[in-house]
Amino acid sequence: MNSTADIHFNSDGVPVSNQFDDIYFSVDSGIDESRYVFLQHNGLPEAFAKLPQHYEYVVTETGFGTGLNFLLCWQAFVQHAPASCRLVFVSFEKFPLSRAQLQQAYQALPQLQPLCDQLLAVYPSPEQGCHRLCLADGRVTLDLWCGDIEDQLPQFIEQARGQVDRWFLDGFAPAKNPQMWQPFLFEAMAASAHQHTRYATFTAAGVVKRGLQAAGFSVEKVKGFGRKREMLCGQAQQSQLPCKQALRTDAVTVVGGGIAAATLTLALTRRGVPVKVVSNGIADGASGNPQGAVYPLLHAETTPLSQFYLQAFSTAVSYYLPWRHQHWFDSGVMQPGFNPQRRQRAEKIASGLYSEQTVSLQTPAQADAAANLAIGQPSLLYPAAGWLRPAPLVKALFDGAAAELKQTQFEPADVQPHTPTVIACGHHSAALVEAITGERPSLNPVRGQISLVRATPATTALRTVLCYKGYMVPADNGLHCIGATFNRGDDGTDVRSEDDQQNQASLADCAEQPWAAGLEHVASRVSVRATTPDHQPMAGLVANKVYVCSGLGSRGLTAAPVLAEVLAAQITGGLQPLSSDALARLTPR
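Numbering follows this note's numbering, with no gaps: position 9 of the sequence shown is 343.
Hints should not be assumed to be uniformly reliable.
What the hints assert, rightly or not - Restraint ranges, calculated between C-beta atoms of paired labels, are given here:
#	residue 1	residue 2	range
1	Q743	Q437	44 to 54 Å
2	T790	D748	41 to 51 Å
3	R788	R830	13 to 23 Å
4	G560	Q437	23 to 33 Å
5	G823	Q413	29 to 39 Å
To be verified - Only pairs whose alpha carbons sit at most 16 Å apart, straight line, appear in this in silico EDC-like list of lysine to aspartate or glutamate:
#	residue 1	residue 2
6	K729	D618
7	K879	D584
8	K610	E745
9	K557	E367
Quick caveat, the hints were computed from the structure, so don't treat them as lab data.
The structure presented is a predicted model; accordingly, all values stated were derived computationally and were not measured.
Heads up, the beta-carbon is just placed ideally off N, CA and C, and yes, glycines get one too.
Please construct the entire structure, taking both the sequences and the accompanying hints into account.
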């Protein structure tokens, strides 16, 4: 688990770090100081107004703090940049503020309240790694890297070479936070620079000046803000720097009609890319289920897979927020400890491995209160998680993208050599990729059957998703979705009565509560998931201009948005989210 900020608020309502004995923004005027130091001396917003069409402007910051610099940059970008351009703001923070701390800090920034509210709605738990948050209908992106910058920066630089337009060197003063102002920072700035990269910083300390010069940046001392005598600004001066181009916006073909295809189509069209969607149907596979849970996959020890899903979950919440209370319900997800092994696992998970904002252990009484139903077992609660109506959401995502839709069977011969094509059709992707490339990716079918049961007076009260061996979702239109079976290697789509019996028996056996017995079966639905041997999804290039996005397994609703952002960046030449290690694990195999 990452450490959170240890702060107090002074008499002016400004947060003060107890770790570094320094304020987060100026008591006199934090907004004016931020605009003067980081925007004005980086040539902003003037540079925004001069951007070419479809340009992705990348600002990288050391020390997110309250997010003040981000909020002001966001505000200026939306006001001045061409509508086709995007802002990607990358920020590193070792000690993130909690949502409650951030909310209190924003009371001192009433001028920015609308943006503050939007950020608070998607602000992630402080788990280590990169959390990509999509705001302003995808026009503004925040990549918040939680953890020690010395560890996180190398994971960022691999995909950021030649990408960063501006550096905001913030954070606490070099005298109070010397660990950050080291050669690795200035070397990373050089690695990310292009011909027009600039920086600004509030400090004029000698160690910063010398580090910048050694990394190939010009250094200009100018008047500081308010009581600060001097500050530094300058630009990259290394020879043979790349020239950064606007995003590629050639037309793309997306094959598939589920959540992976829908989120990717939206991500591409947000970047100005014309998309043609080819699919036999829309939301006709696993994405057509009436209800589905969205929550991270956590292990009782830190693993690459749990790390991926923590970060994927943050992106999913920001993607689905526009459909809150329409197709997305942040009800929380609960995992009751229905046997000794599950209870032991729950205790390990809640022992400090993850933030309490991500997951916490509830006593039986607390679980009953949170679920609004008799649970009677110690349970893990994921407070920010919830459930979707997948079928209408997928259709809404496609509608929002306004892409061309062709309902037909896609054939390998339909691949055009100069048109990027993404195969995102679940377990069918394996055969299609093999027919196109000659190599079959490691994708396996897993059949799943869900059961719809009628809500009773007792179960109607359920407020959270319950995840036992299967799951039960709060009632929607008088019905609960329960399930699902998990038949490896089975791609059959026939409805099986024994599966409905299994779904009901599993719920009743695990819950051990009267409300779980004898529920009235109403309907069933079968779909086939695609999984990989290591349970990591795959997203990336498999041949010349041919990509695949598949292997999302039973957590496709959680994984799809961040995979869409990864692929959209790969296809258009933009900045990819996630660490270089995580991206490598997504490589098709």
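ask   = Is K879 within 16 Å of D584, Cα to Cα?
value = holds (11 Å)
inquiry  = So if I understand the rule, the pair passes when the alpha-carbon distance is 16 Å or less; does K610 with E745 pass?
reply    = This hinted pair holds, its Cα atoms lying about 14 Å apart.
message = Is 41 to 51 Å respected by the C-beta to C-beta distance linking T790 and D748?
response = Check passed, 50 Å falls within 41 to 51 Å.
task = Take the C-alpha atoms of K729 and D618, compute the straight-line distance between them, and say whether it is at most 16 Å.
result = holds (11 Å)
task = Mind checking the hinted window 44 to 54 Å against the Cβ distance between Q743 and Q437?
result = For Q743 and Q437 the Cβ distance comes to about 51 Å; the hint holds.
query = So the hint says 29 to 39 Å: do the beta-carbon atoms of G823 and Q413 match that?
reply = violated (55 Å)
ask   = Per the hint of 13 to 23 Å, is the separation of the Cβ atoms of R788 and R830 within bounds?
value = About 20 Å separates the Cβ atoms of R788 and R830, which means 13 to 23 Å holds.
message = Taking the Cβ atom of G560 and the Cβ atom of Q437, is their distance within the range 23 to 33 Å?
response = For Q437 against G560, whose Cβ atoms are near 26 Å apart, the range 23 to 33 Å holds.
request  = Would you check the hint for K557 and E367, treating anything up to 16 Å between C-alpha atoms as holding?
outcome  = holds (12 Å)
Checked against the numbered hints given earlier, the structure breaks only hint 5 and satisfies all the rest.
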